[in-house]
Structure formats: C-alpha cells, structure tokens
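Work out the full structure: start from the sequences and follow the hints.
Read top to bottom, the protein sequences are chains A and B. Take the first sequence: its letters are residues 4 to 390, numbered as in this note's numbering. Take the second sequence: its letters are residues 4 to 390, numbered as in this note's numbering.
Only true hints are included.
To give a feel for the contact side, a few chain B residues facing chain A, derived at Cβ under 8 Å:
no.: 1; residue: 4
no.: 2; residue: 9
no.: 3; residue: 10
no.: 4; residue: 211
no.: 5; residue: 245
no.: 6; residue: 248
no.: 7; residue: 261
These are computed hints drawn from the structure, not numbers from a lab. From a predicted model like this one, the values you see are computed outputs, not experimental measurements. Note that CB positions come from ideal geometry on N, CA and C, so glycine has one too.
In case you want the letters, here they are:
2 protein chains.
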Amino acid sequence: MNNFEFKNPTKIIFGEGQIAKLAENIPHGSKVLMAYGGGSIKKNGIYDQVIEATKSFEITEFGGIEPNPHFETLMKAVEIIREKDIDFILAVGGGSVIDGCKFLSAAVHYEGDEWELVEQMKARKQEKVVPFGTVLTLPATGSEMNSGAVVTKAATQQKRTFGGPQYFPQFSILDPAVVASLPKRQIANGIVDAFTHTMEQYLTYDHGAYLQDRIAESILHTLIEIAPKVMENPADKHLAGEFMWSATMALNGILRLGVPTDWATHMIAHELTALHGIDHARTLAIIAPNLYRKLKEDKIEKLVQYGRRIWGITEGSKEEIADKAIEKTVSFFHSLEIDTKLSEYAQNYEHTADEVFNRFKERNWMGLGERQKVGPQLAKEIVEMSY
Amino acid sequence: MNNFEFKNPTKIIFGEGQIAKLAENIPHGSKVLMAYGGGSIKKNGIYDQVIEATKSFEITEFGGIEPNPHFETLMKAVEIIREKDIDFILAVGGGSVIDGCKFLSAAVHYEGDEWELVEQMKARKQEKVVPFGTVLTLPATGSEMNSGAVVTKAATQQKRTFGGPQYFPQFSILDPAVVASLPKRQIANGIVDAFTHTMEQYLTYDHGAYLQDRIAESILHTLIEIAPKVMENPADKHLAGEFMWSATMALNGILRLGVPTDWATHMIAHELTALHGIDHARTLAIIAPNLYRKLKEDKIEKLVQYGRRIWGITEGSKEEIADKAIEKTVSFFHSLEIDTKLSEYAQNYEHTADEVFNRFKERNWMGLGERQKVGPQLAKEIVEMSY
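What follows is the structure, encoded as structure tokens:
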C-alpha cells in the first residue's frame, strides 16, 4: 500500500424512520436553509417527514436545484443565506442537491467571484464555511459521506469538481425507504454510478493491496447480486438498504486508501453530460467499457482478476478473460436497461470526440488515469469508440 | 441491515516515515505525556523517532504500562498529568498502551473514585476528557481507530471494558516498519486478535447483510493470505502494511454496522487472562473454536458460509462443512504456533470453568452472544471443552 491519510468525520444515521432524528443532529437554535431538487420529495412523503422533524427550527426553503447543479441556480441560494443570516444548510436530495449544498457551504462567506471557488480551486482554501447535513433521497454518488462535489456553469457548459476536508456533511440520514418511490431509471443510474466509482478505484494495475482490492470486490459483488432484485422490488427495504450502503461505501474514501486510482472515465464522461445533457451514470456506462478496451494492455492484470473473482471467468488466455470481463460489464449495464452507446442518447454526436479533445487540451489535461496517460488524443479515441 | 449510527473521526496517517508528522498533528503548544510500555520502543528506534518529531513540545515520559494495563499503574500517570497540567497524551505502543491512555483521558478530570469510570460505566458520561493521539507499534487490537478499551484492576483480577465516543484518538500513525522488530509471538497474537475480532462480528446468524458479510470476509481472506508470509518475513513492509490495515479495519466500527454481533468469545477469554495471565489473543484461540462447536446449531448457516467462502469447502452436509470450517480455524491458529488448549498454557486449570461460572453469575451475565444465550452455564461448558 502507498502512504495515505484518512479522516472521515461524517456521522451516518442509517435506517427506516431515522429522519425523525434530524432535530437532535442540527445544532440547537440554528437558522436552517432546507435545499432540495425538483419537488419529488413532496410526493413521496420525505418533505413532510423533514418538516415535521425540524419544526423547532426556523426553516427557509430553497427548491429547484437541478441535476448537475448549476452555479447560476446555487448563487440564488447563496444570496438568501446571506440575507437571512442562515447558519445551517440541510440538503434533502440526491448527489446533485448535496453537491450543490457543498458549494453553498463554500460560497456564502467567500469574498470574490464565487466561480473562482471551483474554477481556481479556491474552495480548498476557504476557511469559513457553513455547516450542513443531508437527508439522502437517492443512493448513487456517495456525496453524503465525502467531501467532494461537482457543479456546472450553465452559461459555459463547464462541469467542474471541487472539494476539501471542510466539506464533509456533519451528518447524513440514510433511510432505505426512500428507494421505494424512485423511478427505475434513477435506481439503475444509482447502481451504475456506485459500480463505476468502485471500478475507478479498483481497475488500475496490480499493486498487491490484498485488503483494499477485496473490499472493492465486496461492493461489486453486492451490487451485481442485488441489482436485478432491487430493480424488481424497490420497496424491499432490506435490498434497498444494501444498495444504499454500497453506494455510500463506494465513495466515502475507504476504497482509495493506499491504492492508485483512475477517474479518467469520470473526467471524459463529465464532458458528455456537459455537451449533451445525458444522465451522469449513463455517460459512465458509455465511456467505461471503451476506456477498458483502449487501455486493456495497461489494465490487463486487474481485468483478469476482475474477470475471475467478480464474473467467475476461469477459461481462456488473459486477453480472453479481460475481453469477457468487459463484455460482462456491458451486459450488466444492459440488464439495467442502460444503453452504452452515445448514438443511443444524442442525435448530433459526430463532433463530440473533437470537442472532448479540445476541452481536454484547453484545461491542459495531458495525463489522467492511474498511469497519467489519458490526454486529449486518448480521450478523443475513447469517445469515438463510444459512438 | 439493522438501523445504526456511525461516526469515526480518527485521522489515520499510514505509511513508512509518517512518525515525522507528529508535530503537525499535536495541537501547537501542548504539554504532552508520552506513554509507552516495557521499553521495546527504545530498542527498535521508534522512541528516537518520536522524540525527534516532538522536540518542539514539552514532553513528560511515562513508561511501564504493562500488557492488559493495570488500573494501579495508570493511576500513577493520572497523578503526573494532574500535577503537571498536561493537556495532550501521546500513546506510543500497542493496544494495551492505547487502551491505558483512553483510561487516562477519562480519569484526569473525573471527580470521584476513578475505578467507577470502568466498573460503573461512568466513562461514557464523562464530558471533560484529555485529547490523545497514538503511534501504533503492534497491529492487533484496533484500539488505534476505535473508542473502546480494556483495563484490569490487578488487586482483584477484574478485567473490564469501557468506552464512549469521546475516546476516539485524535490521530493514529500506522507505520508498517514497526512490524519488522516484533517477536514472532506478538505477530501471531496480532493476527489471531484481528481474525477473532472479525469473527465476532461475522459468525453469528444469517441476516442477509451482503456487503457487511463480504467486507468481513475480505479481512479474513487477507489475514489468512498474508499470515504465513508476514511471520516468515516481518520486514516486508508491503505485507506488514496489509497486516496493519487489516487489524485496524477489523475493529474500527465498520464491520458491526447493521449486523448482530457475538463477543461472547471475548468475554469468556478475558477471564482466562485475568485468572491465568495468558496472552489475550491466545485466550481467544482457546475459546473461539469451542464456542463455535457448542453453538454450532445456532451458527450453522454462517459456519457453512464461512466454510465455503473462506476455506473453499464444497463437499459434505451442512454439519460436515461447519465441522471442517472449525477444524480449519484451529489449524490456522496452530500454523501460527498458537496452542488452542488451556492445559497447554496453565498448570492448575481444573477449577477455571467453575470460576468463570461464578464470575459470569456475579456480574449477572445471563445472555451474551448474538442470541443472548451465553450465560454462566454455557460459559462453563465452553471452558471445560477448552481444557
């Protein structure tokens, strides 16, 4: 294992009915901004539970945070927090709402153009932040137990990541009952998101991290095992809980400890969302298999381990096992009714590879991935393979 | 999964040479008590590294904390901390030194007979504690990343556990290089300790916790895989790191989330240490297999899963698989040169079962274990099987 530092102070409150514990976890006397998305929480009862549990606090609501949250939308919330002297943020939603609230946390006390927090990485150095907690409504991104976030500037279609140890939620409430009311599309997205997060930290090169590899494999096995069942029966709270906890564990910092990580799939895929508005998880399903194909030689040892341990492939040469493992991955995505070609999502896609090339070049991304090899040209070729 | 809450704020600093980071992790200007054990750190260079790294602080040393740390010894350190107004404790040692420092943390500001902290569970309610960090010198107990501890009152041979969320270390430095200088006996003890910690949270009944089971199995697999190699070559820092991280992960709170736990092996085994002074890990190796045999019917589903997944046993009835799995466990302990019978450690052992019966009865321990079935009589029978 490589050297590492790890500290994750988020308190997880897991289980059915746990939303009632909000009041004891928000600091007494706080003025609270309750942030949420498109309003599905008003249909599935979560909104009512949150309002009931926080009635002893002064609450200001801010709804309408969109998927891939926009800087422009979030700045409206920043103004409200400043005007009303709000001192605690409660994110009620999935990764987009939570990521958005991490931006709010950073931006409220920032003196300057708030986009600098993201574009110039100023968020990491921002000392005065607004504390926040979350009620997770969609298992997928892991944002509920990590300190990273992604926001998009709609005006320029720039999708950017930021983070820092000050952006861990104070607490996150994980109630598996929320899965019951999710559209199948979002459940499938959540499974693919968690699966790909795991792969980004696992499918690199052989580095002899016995335990870290096996923990990653635990999450992959669990997701594969529960995926068809939870799609079929999202109201099964046991399965929903396994799904929820797997998604959290996939990106709470444990998998990355002491191991090389890739993340090139994510960086390419973010551009597909920015350019075509495709769901984040689906862009991962489009890019990941082709990135594995393109970098098969570099990743061969781990592809073989993945094929053997996860998919039980025992026959064939290393290359054949690797190929089969990639095909199994694609079939897994298809089994969740997730298409894996860009042309199945976008009509005018022919210039996408060139645009990704230009965007990588503009930002001087010459060496992403565990071997620092994925630059504009490789990204372009991977996108072309994904048409 | 059952409902749970989880928060673990300990910062882990892992890797070779990380002791040098002490100064940036101890609060500036602290008056520090440096606590350690029998002095092995003066031979293996750790003492010198710690002294070098903390030279900007006012340090008071307190050596001589024994294995299964004694209340009586620790109270001497409490007096020194009070006299010198020390405000930070640095534990340099294994689980005994770290557990001892958790007691110091609790006792310094306690007003009353300090044994009440342990015997009457007052530690959990103690608000004013002294912050502490650790430099781990012996992978085994997981105390470096949890908030529990065990101390012994020598006068009465009472070995007691206590804990509370205020007893997480502020930080723990895990340098795998420390394993190189450990006696084989201590490496073997550490492996068995971590293995049994995992089993206490895994080998219960089938509760459908896919992910939690698989993470526990990850640790068991890793320990089995590295055990002979790390015994053979403790200077291999890669193997030592896997061992160290496995021991930490085995008892940092993650395995217990949402699952039933047993811990009856530990509670019986503690009495063997109290009565006969046998190494903690060795008492676990004596008791665990017989507890599994005695409770085979209750644990059959998990014994079979354990046998199949960990030991690859595919043939036979459920009962045969369970029996073989227990035998494999015993063989694993023997492969580490750890005896598994009480008579191999103690001469006058014939009254042990009766004494354990009485001790369980005195403390009204009528229902330990995942089914709350292990009381004085079962404990007695398990100890008798262990002669």
